[in-house]
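Asker: One letter stands for each residue in the lines below.
Number of protein chains: 2
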Amino acid sequence: MKLLITGGGGFVGSRLARALLARGTLAGQRIERLVLTDIAPPPVDLLADARVEARTGPLLAQTEALRTEAFDGVFHLASAVSGECEADFELGLRSNLDSTRALLDALRANVGAGGKVARLVFSSSVAVFGLDPSVPLPKLVADDTLPLPQTSYGTQKLVCEHLISDYTRKGYIDGRAARLMTVTVRPGRPNGAASSFFSGIIREPLAGVESVCPVSPDVSHPMTSPARTVDGLIAVYEASREAFGGRAALNLPALNVRVSDMLDALEEVAGPKVRALVRFERDERIAGIVANWPAGATAERAARLGLHPHENFADIIRQYIADCAALPNAAETLKGMS
Amino acid sequence: MKLLITGGGGFVGSRLARALLARGTLAGQRIERLVLTDIAPPPVDLLADARVEARTGPLLAQTEALRTEAFDGVFHLASAVSGECEADFELGLRSNLDSTRALLDALRANVGAGGKVARLVFSSSVAVFGLDPSVPLPKLVADDTLPLPQTSYGTQKLVCEHLISDYTRKGYIDGRAARLMTVTVRPGRPNGAASSFFSGIIREPLAGVESVCPVSPDVSHPMTSPARTVDGLIAVYEASREAFGGRAALNLPALNVRVSDMLDALEEVAGPKVRALVRFERDERIAGIVANWPAGATAERAARLGLHPHENFADIIRQYIADCAALPNAAETLKGMS
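One line per chain: the protein sequences are R and W, in this order. At position 181 of the first sequence (counting the first as 1) the number is 181 in the numbering used here, and the numbers step up by one without a gap. For the numbering used here, add 1000 to where a residue sits in the second sequence, where the first one is 1.
Think of the hints as simulated: they come from the structure by calculation, not from any bench. Heads up, the beta-carbon is just placed ideally off N, CA and C, and yes, glycines get one too. Any given hint could turn out to be false.
[To be verified] Once the Cα atoms are required to be at most 20 Å apart in a straight line, the calculated SDA-like pairs of lysine to any residue come out as:
1. W/K1170 x R/G83
2. W/K1116 x R/F89
3. W/K1139 x R/G246
4. W/K1170 x R/S211
5. R/K170 x W/D1098
6. W/K1170 x R/F89
7. W/K1170 x R/A287
8. W/K1170 x R/A87
9. W/K1139 x R/T145
10. R/K170 x W/T1145
11. R/K170 x W/R1285
12. R/K170 x W/G1083
13. W/K1170 x R/G246
14. R/K139 x W/T1145
15. R/K170 x W/E1284
16. W/K1170 x R/V81
17. R/K335 x R/S211
18. W/K1170 x R/K170
19. R/K170 x W/P1133
20. R/K170 x W/E1084
21. R/K170 x W/R1094
[As the list claims (entries may be wrong)] Derived coverage of chain R by chain W (criterion: at least 3 residues anywhere in the stretch with Cβ under 8 Å from a Cβ of chain W; other residues may be distant):
22. 127–140
23. 152–165
If we strip away everything but chain R, and leave its shape as in the complex, we get (with noise of 0.2 Å):
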């Protein structure tokens, strides 16, 4: 079979080209190619496997060219973040809207010509949900709660659920849309993304860096490693439609964790030195958008496909520092626990 994940030089992208490429089949069949578009190229080991090809560039300037190419699955995962979609607009129209959509439509050309359907599977985001003042948000938010995106990401991420549903629908896919829950601990630098602390304030202590944390303690968020997430979207790929039960987006499992119990995890795993690099300052613009975000969300149609989240976000940490120990910067990454 022949795959294709747009963003995948990406963080969750190139974990799920590695998880793909170690199982080797897909939903019961051998994966022989698999193509990863990103406007940066993948990392090495990815584009050292043979049945690995790269395209390089933004995702728009390639759909023409996929109107003609026959896929049998796409993960779907390009995108730009958050805080990019809220500082430049027309940005986040162009790669998280226009760029769907010309997928879609480029996956519609492929079966009008007569070609197969393909299977999609969409990462949407834990961000459709926000709190509109007309509408109570509920604590916890489930897979059949009301979306109301309070920012530009979350609202093409929606929109983009929407037309896929459509889309299958129709029989031009076969559509998935699973929301992605807050991913962490992200390596690297922190990105664009008004979410970018909640790795930071894990990722810095560890490498002995001090970080700034811009809400209170008592901030809940619903948080994932990117292992659980990666699992999450091949278990939306291989279900059965029957199983995935509709066309509406279904919530990835989540642990629902406050900022204090974080840092409690990371006193736990790395002790209190580590722990006490980090240090509060509100930031009004990041507290206002976390504000309007979900404290936590359940996860019922995921847990009948047998997804479950963390049990305790130690072990998210833990994993973050085992991924590491495997890197060839790992003295450096996990410099503050040494």
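Please arrange chain W on chain R, whose structure you already have, making use of the hints.
Answerer: This is chain W only, laid out in the frame that chain R set:
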């Protein structure tokens, strides 16, 4: 003030234009200019008003010019109808999604060039609600019911609701989306809407013509009249942001009525011979679409704006008869009552 009505030559649009011209003011300002865009010219009485400027052609072709034209307010009603969108997927995307996006971007360009923020009322639809297998559909859909559209038309309306909310949040427009209930009795000929028969089973018998009802008599649906719809659009325009309450779309009021209730009302108003002109002949395509629609709606937020549904369907029929009586072809249109 200068106003734009997209779809201003249409059924609701031309009635809204007449109502605005008769009032002379909107939100306390004098209406100096009323631009009507539509694929066909508006009725002659509108063209005869010196304040009216008609622009004929697809909205999408007109949006480039709108980028440098200032409007105080916009009623965005232009839309391909549900049946058309099901039959021609690209038409729906172009007419309902791309045109709205281009209109919003034109208004945004005005603001970017230092112009004022236009107020925009969008005619969304009860068609945003539908039965997805993963979530039960409540008997009555409320303002905050989860919309899971089951048609391309409903999907496109919902997508536009969310885009309008986000453009509003960013300060590019002052947008308000109001979900129109099924508007009856539409004059003229059946159109491509799957809901067309809701008008046909009243309009045709009143004209002495047989009509076929494609669904069973116990099908229930939220209905309103053109006049109440126009009242609703104007009230939503005139509401303060606080009174509108958030950026989420609201339901306009509906009378929740069964097909059998509609026919009882027809008999009450026009007699048993007229009612007898309706026969039931199930159309699986139409019945299938209608089975995924809500049986009724509530409209709490609209009620707080002073908007209320009709109390009975006979009033809706009487309004239609009164409207027809004013037309030159009244004798023909109401021949069944003679």
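Asker: All the hints need checking, so say for each whether the structure fits it.
Answerer: Consistency of the hints with the structure:
1. For the given pair, W/K1170 sits about 14 Å from R/G83 by alpha-carbon distance, which is consistent with the 20 Å threshold.
2. The straight-line distance between the Cα atoms of W/K1116 and R/F89 is roughly 19 Å, inside the 20 Å bound, and the hint therefore holds.
3. Using a Cα cut-off of 20 Å, the hinted pair W/K1139 and R/G246 holds, with the two alpha carbons roughly 19 Å apart.
4. Between the alpha carbons of W/K1170 and R/S211 the distance comes to roughly 30 Å, so the proposed pair goes past 20 Å and is violated.
5. Taking the CA atoms of R/K170 and W/D1098, the gap is about 19 Å. The hint holds against a cut of 20 Å.
6. A distance of roughly 9 Å separates the Cα atoms of W/K1170 and R/F89; the hinted pair therefore holds under the 20 Å criterion.
7. Proximity of W/K1170 to R/A287 is assessed by CA-CA distance (about 18 Å); at most 20 Å being required, the pair is judged to hold.
8. Straight-line distance between C-alpha atoms of W/K1170 and R/A87 comes to about 11 Å, which keeps the hinted pair within the 20 Å bound.
9. Pair hint W/K1139 plus R/T145 holds up; C-alpha atoms about 17 Å apart against a cutoff of 20 Å.
10. About 24 Å separates the Cα atoms of R/K170 and W/T1145, which puts this hinted pair outside 20 Å; it is violated.
11. A distance of roughly 14 Å separates the Cα atoms of R/K170 and W/R1285; the hinted pair therefore holds under the 20 Å criterion.
12. Of the supplied pair hints, the one linking R/K170 and W/G1083 holds, its CA atoms being roughly 14 Å apart against a limit of 20 Å.
13. Distance hint between W/K1170 and R/G246 is unfulfilled; the C-alpha atoms sit about 33 Å from each other, more than 20 Å.
14. Under the criterion of a C-alpha separation no larger than 20 Å, the hint pairing R/K139 with W/T1145 is consistent with the structure, at around 17 Å.
15. A hinted pair counts as satisfied when its Cα atoms are at most 20 Å apart, and R/K170 with W/E1284 qualifies at roughly 17 Å.
16. Taking the CA atoms of W/K1170 and R/V81, the gap is near 17 Å; set against the 20 Å cutoff, the hint holds.
17. Among the hinted pairs, R/K335 with R/S211 is consistent with the structure: their alpha-carbon atoms are about 14 Å apart, no more than 20 Å.
18. A threshold of 20 Å between alpha carbons decides the hint, and for W/K1170 with R/K170 the separation of about 33 Å lies outside it, so the pair is violated.
19. Between R/K170 and W/P1133, the direct Cα distance comes to roughly 16 Å. Compliance with the 20 Å bound is thereby established for this hinted pair.
20. The straight-line distance between the Cα atoms of R/K170 and W/E1084 is roughly 14 Å, inside the 20 Å bound, and the hint therefore holds.
21. Taking the CA atoms of R/K170 and W/R1094, the gap is about 17 Å. The hint holds against a cut of 20 Å.
22. Counting residues of the region 127–140 of chain R whose CB falls under 8 Å from any CB of chain W gives 4; the rule of at least 3 is met.
23. Note: the region 152–165 of chain R has 7 residues with beta-carbon separation from chain W under 8 Å; the three-residue rule is met and the coverage holds.
In summary, the structure is inconsistent with hints 4, 10, 13 and 18 from the numbered list given earlier, while agreeing with the others.
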